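Peer 1: Those protein sequence lines, which keep their order, are chains D and V. So the mapping is simple: our numbering equals the position in the first sequence, first residue as 1, plus 11. So the mapping is simple: our numbering equals the position in the second sequence, first residue as 1, plus 537.
In short, the hints are calculated from the structure, not lab data. Mixed in with the good hints, there may be bad ones.
Derived pair list, reagent style DMTMM-like, types lysine to aspartate or glutamate, alpha-carbon separation capped at 25 Å [unchecked claim]: (1) D/Lys42 <-> D/Asp54; (2) V/Lys683 <-> V/Asp636; (3) V/Lys683 <-> V/Asp656; (4) D/Lys84 <-> V/Glu671; (5) V/Lys683 <-> V/Glu706; (6) D/Lys84 <-> V/Asp602; (7) D/Lys84 <-> V/Glu605; (8) V/Lys627 <-> V/Asp745; (9) V/Lys683 <-> V/Glu749; (10) D/Lys84 <-> V/Asp696; (11) V/Lys683 <-> V/Asp696; (12) V/Lys627 <-> D/Glu90; (13) V/Lys627 <-> D/Asp98; (14) V/Lys683 <-> D/Glu81; (15) D/Lys84 <-> D/Asp98; (16) V/Lys683 <-> V/Asp701; (17) D/Lys42 <-> V/Glu759; (18) D/Lys84 <-> V/Glu749; (19) V/Lys585 <-> V/Asp602; (20) V/Lys683 <-> V/Asp602; (21) V/Lys683 <-> V/Asp700; (22) V/Lys585 <-> D/Asp98; (23) D/Lys84 <-> V/Glu734; (24) V/Lys627 <-> V/Glu605; (25) V/Lys585 <-> V/Asp544; (26) V/Lys627 <-> V/Asp602; (27) D/Lys42 <-> V/Asp656; (28) D/Lys84 <-> D/Asp53; (29) D/Lys84 <-> V/Asp745; (30) V/Lys683 <-> V/Asp665; (31) D/Lys42 <-> D/Asp53; (32) D/Lys84 <-> V/Asp701; (33) V/Lys627 <-> V/Asp579.
Please read all numbers here as calculations on a predicted model, not as lab measurements.
Listed below are the residues making up each chain.
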Amino acid sequence: MAGEGGSGVPHEAELLAFADAAITAGAGLAKVRQLVVGRMGDDAMHDAAAVIAGFDAITRVADGSGIPLEAQKAEATAEWRDRLGIDAFWTMKV
Amino acid sequence: MRQELRDALDIAWDALGAAGVWWTGAERVKIVAETRAARACDLCQARKAALSPAAIPGRHTGATDLSEAAIEAVHRIVTDPGRLSEAWYKRLGASGLSDEAYVELLSVVAITTAADTYDRAAGNSQRDTPVPREGLPSRRRPTGAKPGLGWMPMLAPEDVTPDDPPLYEAGGRIGGNVHRALSLVPEAMMQFWHMFETMYLPQHAMRDFAREYRAISHAQIEMLAARVAVQNQCVY
Chain D
12 MAGEGGSGVP HEAELLAFAD AAITAGAGLA KVRQLVVGRM GDDAMHDAAA VIAGFDAITR
72 VADGSGIPLE AQKAEATAEW RDRLGIDAFW TMKV
Chain V
538 MRQELRDALD IAWDALGAAG VWWTGAERVK IVAETRAARA CDLCQARKAA LSPAAIPGRH
598 TGATDLSEAA IEAVHRIVTD PGRLSEAWYK RLGASGLSDE AYVELLSVVA ITTAADTYDR
658 AAGNSQRDTP VPREGLPSRR RPTGAKPGLG WMPMLAPEDV TPDDPPLYEA GGRIGGNVHR
718 ALSLVPEAMM QFWHMFETMY LPQHAMRDFA REYRAISHAQ IEMLAARVAV QNQCVY
């Protein structure tokens, strides 16, 4: 997964690399953690780690309960879900 | 590290050792152990790599004496959440795992995942397994829970009775579908959400773009959330 998507969000590359390494328990986690601390500070690293961990959990709550996306959210996000291929995730459920 | 974050994680972790609503403290600690063991399970790894997980028979490399249905639930939620389905869920029910027990199990897996992922990301040692405490499950099911939204009955905000814990009122939760996901066991829902809102943002702060509540911005928070959702192939 590429680490730079050109979103314009500050420190995008470091944060995305941190998320990827944390979720996959990648070998580069310690290095990228230090990169985040060095460029954004210790508090930012901890808050980023908390968001990553919280969503690692809540995605399981959502997918483990069968809740649907709310109709208004589905409508509002239809175009970019299609563009990003997120709707294809449904076809993998067996 | 924010003190409230440290406290929220510690409180949620400690509560895993206490009796829940449908599982004893000892059983909840076994769910924690099984959550951690799932990542090293050979069957889970083979299923994860397969085009269809149902095509790969076998037994999980379990760490506990939980029922086979409970072990299957924990391992799949941990290792392949994006491919869980209603058919899979119904098979668990046919194997004896009740809706209520499953929902509480899901909350324990989620809290364990949150704590372990946080500690891994932040460079902390993995927490010691919670100490199981005496006590019996209360086995109280909310009378207003109804089927129809997800795979199991859920308690909508308008169906909460005075006998139910304030699962939406606490935290000013609006009752979105993801709030309702664990609502069949209100205590489990509240334990998870108190921790989660401290890790992410409380309801009132989510769209308050005039102020930043964390050491990273709203935009950075949402970007991270989206990245993790894609990594886990979460359609919600």
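Peer 1: Could you check the structure against the hints above and give me the numbers of any it violates, in ascending order?
Peer 2: Violated hints (numbers, rising): 3, 4, 6, 7, 8, 9, 12, 20, 25, 28, 30 and 32; every other hint is consistent with the structure.
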